[in-house]
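> Protein chains in written order, with the working numbering: chain Y, 1 to 92; chain Z, 1 to 529.
Everything labelled a hint here was simulated from the structure, so no lab data went into it.
Fair warning: there could be bad hints in the mix.
Claimed, not checked - FRET-style restraints, in silico, Cβ to Cβ:
#, chain 1, residue 1, chain 2, residue 2, range
1, Z, ASN340, Y, VAL28, 47 to 55 Å
2, Y, GLU10, Z, GLY15, 53 to 61 Å
3, Z, GLY195, Y, ILE3, 41 to 49 Å
4, Z, LEU409, Y, PRO65, 55 to 63 Å
5, Z, ASP461, Y, VAL28, 37 to 45 Å
6, Z, ARG173, Y, VAL28, 49 to 57 Å
7, Y, PRO65, Z, ASP193, 46 to 54 Å
8, Y, VAL28, Z, MET178, 13 to 21 Å
9, Z, ASP193, Y, VAL25, 24 to 32 Å
Nothing here was measured: the structure is a model prediction, and the numbers come from that model.
The C-beta atom is built at its ideal place from N, Cα and C for all residues, glycine as well.
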Amino acid sequence: MTIILDPTDERVPVARQISERSGSVQGVVGLLNISKPRGNILLDELDRLLTENAPGVEIRHYTKPTFAKPCPDTLRHQIRDECDFLVEGLAD
Amino acid sequence: MSDRKPEFTLKDLQGAAHPFDGTGPALVCFVKEDCETCNIVGPVLQALSQAYGDAVRFLVPGQSGEKNGDFAQRHGLTMPVLEDAGCKTSFDWDFEIVPALYWIDESGAVVTHFEGFVRDDWQALSDQMARATGKAAAQIDWDSLPAWRPGCGSKHFDPEVYDALRAEAEGSRLRARMVEVASGDDMAEFMFDQGFSDGLPLVPPTPERVIRMLEGTHRDPQDVIATVPPNMGIATVEKIAINAVMAGCKPEYLPVVIAAVEAVCTDEFNVHGVTATTMGAATVMVVNGPIVDKIGLNGGLGALGAGNRANATIGRALRLIIRNVGGATTGGVERSVLGNPMKYTMCFAENEAASPWEPLHVERGFKAEDSVVTVFAMTGGPVHLVDQTSRRPDQIAGSLGQGLEGVFLPKMHNLPIDALLVVCPEHIQTLTVDGPYSKDRLRDRIQEVTARPLSEMVQDDHSGAGIPVADAERMGPEKLAQLAPKFASKEYIHIVVAGGDAGKFSSAFHGWATGEVGSISVSRKIDLG
């Protein structure tokens, strides 16, 4: 870990900010399976619930080649171009 | 000698903590494993410990990390050899040379302190300890030891260790928020992500670097230099130093950056407007005086860019401060339609040696021996003014005047707008070939050669800029025949000398809105303490 000094007037917290939440779901929702065993079961169930509860929403499934490495750029860019929302199934 | 030494708790080689509360009787000796003098002292310490160890606490802080064990083993030390990890305790105790020995009494007073090895001093110490403890004198063959050995510099003075220790120890001097960047994060990318950058990579402003930068000024780190628009962020010396580090400045550049921040954050200069205007203005800094040579600013070959660290990073530091402390981000308050490469950096020195005139800062009321920064709000430039064939003074002066026709639009005259003319040495030679040619005469010549009848400035099919047709009709032919020079007054023409010896190419910066509605150039003396 390295420490640096904040060059700004410090009115904004220095942290990776989470994206703004819109409060509703529409458009295309991506479901990203990171290739951990049984991740597909969770995401398929999410697919079923979204289809039931948010009928206008289009769902697309994506799969990372391996959970052990960062998402390849091409897949990241594809998801960015195609989706309005993304749910990523992390951890076990 | 009586000042109490700071308390510490250090671990020995087995990991057991040894608190020292500052009182004795104790003998504390700091050592470094690879120091030859420390290795002379090692057996002496062991002999002293054997003789007086029952009555005196012996502590030997080592500065050599894992090698402290080697030192203890080499000399068969039986007293605690302690790990002064990071040399923090050495720093706190504030000595310069190892071995550094302290003989401390019950009250915490330092009875004896010496650094290095002087045999007589150590022998006297042994006698003193014998008397104080009532023990038999230590068995040491003093004659086998050298009379004098200087010792080694304490490890805490190693630059990379020392600056980190100072940053930590002087924590109260540094008030800026500490941002922890995880080891898995790429530092350069992190700083881009945080929006700290002007688009180019930054030097990470670690506490060590900022402490070093602050040595460039006598000002207190918490002195407030200015409130920086648009957010009216507080620019302390420390915040300026942080941004100067990121820009790549050396510590000796810092006073120039501080003066520049003072200059732009004035009502006259109006850096808010300069930053926000859709016209795309930027600050052009000209530096005069002795500091130019002292810190290596460039007023000669290539003065307007690139390749000189001082020019490049001082100008950049100012821009980063406006961005980071003032909050002027591109697309936020920074709203220039096209932008401007001078928004990265634009700083140069006047080539006073090549100038026949008094330097800019003297012209503006400062003493020649002052070092001064002058800031101009400029929208365009440097624009080359090419004339390789004029041989007479009024010819080259005329060419320089015609070269300024492009300010705003060639058609527009009587402009209450600044221009900064940078005359190169070869043009100066032509200008003065027949004798002195004053700046004022040059200004008059510029106004003379650019004078055009107002009738040429009426809106027409070639250009809708200029005097509205209805106004022109009201003015009538006599009024329209009157001549209008390029500038509303010759005071709008600022002139400096810069550039290398070879090349008949001068240059000009074109201004933004000048005056109360826009920006007025400002000079500030650089505070060198």
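> 46 to 54 Å was suggested as the range; check whether the CB atoms of PRO65/Y and ASP193/Z agree with it.
About 25 Å separates the Cβ atoms of PRO65/Y and ASP193/Z, which means 46 to 54 Å is violated.
> Is 47 to 55 Å right for how far apart the beta carbons of ASN340/Z and VAL28/Y are?
violated, 40 Å
> Does the Cβ pair ARG173/Z, VAL28/Y satisfy 49 to 57 Å?
The hint (49 to 57 Å, Cβ to Cβ) holds, given that ARG173/Z and VAL28/Y are roughly 53 Å apart.
> Does the Cβ-Cβ separation between VAL28/Y and MET178/Z fall within 13 to 21 Å?
Cβ of VAL28/Y to Cβ of MET178/Z: about 41 Å, so the range 13 to 21 Å is violated.
> Indicate whether the distance between the beta carbons of LEU409/Z and PRO65/Y respects the range 55 to 63 Å.
holds, 59 Å
> For the range 53 to 61 Å, tell me whether the beta carbons of GLU10/Y and GLY15/Z fit it or not.
This hint is violated: roughly 40 Å between Cβ atoms.
> Within 37 to 45 Å: is that where the Cβ-Cβ distance between ASP461/Z and VAL28/Y falls?
violated, 53 Å
> Can the suggested window of 41 to 49 Å be confirmed for the beta-carbon pair GLY195/Z and ILE3/Y?
violated, 19 Å
> State, for the Cβ atoms of ASP193/Z and VAL25/Y, whether the hinted interval 24 to 32 Å holds or is violated.
holds, 27 Å
Of the numbered hints given earlier, the model fails hints 1, 2, 3, 5, 7 and 8; all others are met.
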